[in-house]
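A.B. asks: Sequence:
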Amino acid sequence: MNLKALSTLLITAESYDGGPAPQRPLIDSRQFGMLLFIMTEVMFFASLVSAYLIIRSGLDEWPPWGQPRLPIWSTAFNTAVLLSSGVAAYLAGRQFRAGLETARRTLGIAVVLGTFFLVFQGYEWVQMLGFGLTMTSSTYGGLFYLIIGAHGVHVLGALIALAYTWMRMNPAQERPLTQGGASAVRMLWYFVVGVWPILYVLVYLA
Numbered sequence: 001m002n003l004k005a006l007s008t009l010l011i012t013a014e015s016y017d018g019g020p021a022p023q024r025p026l027i028d029s030r031q032f033g034m035l036l037f038i039m040t041e042v043m044f045f046a047s048l049v050s051a052y053l054i055i056r057s058g059l060d061e062w063p064p065w066g067q068p069r070l071p072i073w074s075t076a077f078n079t080a081v082l083l084s085s086g087v088a089a090y091l092a093g094r095q096f097r098a099g100l101e102t103a104r105r106t107l108g109i110a111v112v113l114g115t116f117f118l119v120f121q122g123y124e125w126v127q128m129l130g131f132g133l134t135m136t137s138s139t140y141g142g143l144f145y146l147i148i149g150a151h152g153v154h155v156l157g158a159l160i161a162l163a164y165t166w167m168r169m170n171p172a173q174e175r176p177l178t179q180g181g182a183s184a185v186r187m188l189w190y191f192v193v194g195v196w197p198i199l200y201v202l203v204y205l206a
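Residue 1 is where the sequence shown starts when you use the working numbering, and the numbers rise one by one after that.
These are calculated hints, taken from the structure and not from any lab test.
Please read all numbers here as calculations on a predicted model, not as lab measurements.
For each residue, glycine too, the CB sits at the ideal point set by N, CA and C.
Treat each hint with caution, since some may be false.
[What the hints assert, rightly or not] If you anchor each label on the Cβ, the simulated ranges turn out as follows: (1) Ile27 with Val153: 37 to 43 Å; (2) Tyr123 with Gly99: 21 to 27 Å; (3) Ser47 with Tyr123: 27 to 33 Å; (4) Tyr190 with Ala98: 17 to 23 Å; (5) Ala98 with Leu156: 17 to 23 Å.
Work out the full structure: start from the sequences and follow the hints.
C.D. replies: Below, the structure is given as structure tokens:
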């Protein structure tokens with residue numbers, strides 16, 4: 001070993017502190033927190049659906065005679081609107097990671113579609129209340145408003161978070177939006193979008 005190689009080895013040995021090399025976390029803390037929250041919400045909706053199926057199985061006629069029928073076709077259209085919102089949110093996430101300026105516009109489309117879904121649901125509720133389907137009219141009505149209403153509350157909360165994320169994407173913002181924060185909000189939106197077709201099939205079609 002020559003003198004130059006020996007000096008290089010000594011410098012390397014002195015600069016090594018023996019500690020482990022810094023590593024990036026496998027998942028962002030905000031994403032992990034959102035994942036835990038979504039898991040609790042999955043159990044919440046699973047309990048609602050289980051109660052619905054148990055109560056329904058104990059009745060001879062479902063829906064009960066004399067109760068107005070649910071608007072299947074208009075809700076199918078509204079379901080397509082919500083699914084389109086989920087697709088737009090996904091595309092916005094890809095564009096945001098790529099640094100494209102179109103991400104904010106695409107996420108804005110997701111917000112508009114989600115808002116339309118919620119407003120249209122409210123309109124249908126007003127119509128059904130006018131037809132006599134209320135929380136107290138029957139077990140059928142009570143379960144309907146409980147399950148669909150719970151989902152509507154979740155959509156509203158996720159929509160507010162999505163709109164806030166859209167505002168944070170403004171280049172004029174002093175605090176730039178982080179990938180982890182944006183991804184956590186999209187995870188919540190994917191959840192409320194993904195659980196809706198299950199509820200639609202069980203409550204409206206089955």
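A.B. asks: Decide, hint by hint, whether the structure agrees.
C.D. replies: We went through each hint and held it up to the structure:
Distance hint for Ile27 and Val153: a CB-CB separation of about 27 Å, inconsistent with the stated range 37 to 43 Å. One distance hint, 21 to 27 Å for the beta-carbon pair Tyr123 and Gly99, is violated here, with the actual separation near 39 Å. At roughly 28 Å, the beta-carbon separation of Ser47 and Tyr123 lies within the given 27 to 33 Å, and the hint holds. Between Tyr190 and Ala98 the Cβ separation comes to about 19 Å, which falls inside the hinted range of 17 to 23 Å.
Remark: the range hint 17 to 23 Å for Ala98 to Leu156 is contradicted by a beta-carbon distance near 30 Å.
Checked against the numbered hints above, the structure violates hints 1, 2, 5; every other hint is satisfied.
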